[in-house]
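From first to last, the protein sequence lines stand for chains F and D.
Mapping the first sequence onto this note's numbering, position 136 (from 1) lands on 136, and the numbers just tick up by one.
If you count the second sequence from 1, you need to add 139 to reach this note's numbering.
A hint or two may mislead.
Said to hold, decoys possible - Computed footprint of chain D on chain F; a stretch qualifies when at least three of its residues, placed anywhere within it, have a C-beta under 8 angstroms from a C-beta of chain D:
no.	stretch
1	8 to 15
2	19 to 32
3	86 to 96
4	125 to 138
Quick caveat, the hints were computed from the structure, so don't treat them as lab data.
Quick reminder that beta carbons are idealized off the backbone N, C-alpha and C, glycines included.
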Amino acid sequence: MIYLTRRATFSASHYYWNPAWTEQKNEQVFGRCANRNGHGHNYTLEITVAGEPDPVTGFVVDLTWLKNVMEREVLAAWDHRHLNLEAPEFAEAIPTTENIAIEAWKRMESAITAAGGAQLSRVRVYETPEIFAEYRGEP
Amino acid sequence: MKASFGRRYTISASHRLRTDALSAEENLATYGKCNNPHGHGHNYVVEVMVAGAVDAETGMVINMAALDDVVRGSVVDRFDHANLNMDPLLVNRVPTTENLGRAVFTLLKDALPAGKLERVRVEETENNFFECEGE
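Please model the complete structure; the sequences and the hints are all you need to start from.
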C-alpha cells in the first residue's frame, strides 16, 4: 500500500460561536475566536490517498485529477469565503479546525471512492503552521 | 466523530550526547559533533497530537487554550532554555531526540486527560525528527 499526499491552500474567515450559550460563555470558551466580526486564516488542506500503483502508469492516482477534486469539491466552496456565513455545513457546525477536516473529508470522499482506485486515507487541515487537525474517517 | 488535533511548540535547549558505557574514543566515534564536551543547542519543535470525539457543543477535540496550559506547564517551561543533560528524566539517559520524545510523551500522558494523547513528534532540526506513540 502506498500513501500519496497532495496539498492545497485556501483563505477563509470564520468565528466560533455556540448559539445555545450566553455571550459570556462563548467568550470564555472560545476567547478571541468568538469575535463575531470574524477573522481569517491561510489554511493548508493536505489529503492522503492510499492504494497500489497502477501497473501501467505507476500512479496511485493521477495528481492532476486529485488537484481538480480538491479544487472542485473544497476550494470552490471555501476559498475566499466566510465559512460561517457561506458554507452550508457550517451554518450549524462550528468551523473549528477539527470540523473543517471532517467536512473536507465528506466533500471529497465520494468523488475519490467513485473513481475506483485509491481510497481516501487522511485529511489534515492546518489553520496556521502550528495548529492542525486530522480526520481519518473514523465514526 | 473521532478526530485528532495537533499543535506545535518550540523549545530551545542544549545537550551533549555521551554515555558512560563507552570510552571517550567510542563516544566520539558514535556521536561525532554531538559529543562536543561543552554541549550545543537546538530549537526543537515539539508537536503534540491529541485524539478523541469532537465535542458537539464546542466542535473541538480539546480546547487549545487548555492544551497550551498543559504543554507549557509540564513540558515547555521544563525544557526551554535548559540543559537537557541535567533534567531528572534524562540525567541517566543519553538526551537524544528519541529519549527527549519519550520523556515528553511520559510527562504529557500523565498531565492530559486519560486516553487523549495520541502522538508526540520532536523535531531536532528541520531535517530530523522522531515520533513516539507510547508503545
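The hints, checked one at a time:
no. : hint       : in the structure
1   : 8 to 15    : violated (count 0)
2   : 19 to 32   : holds (count 5)
3   : 86 to 96   : holds (count 4)
4   : 125 to 138 : holds (count 9)
Comparing the model with each numbered hint stated earlier shows that hint 1 is the single one that does not hold.
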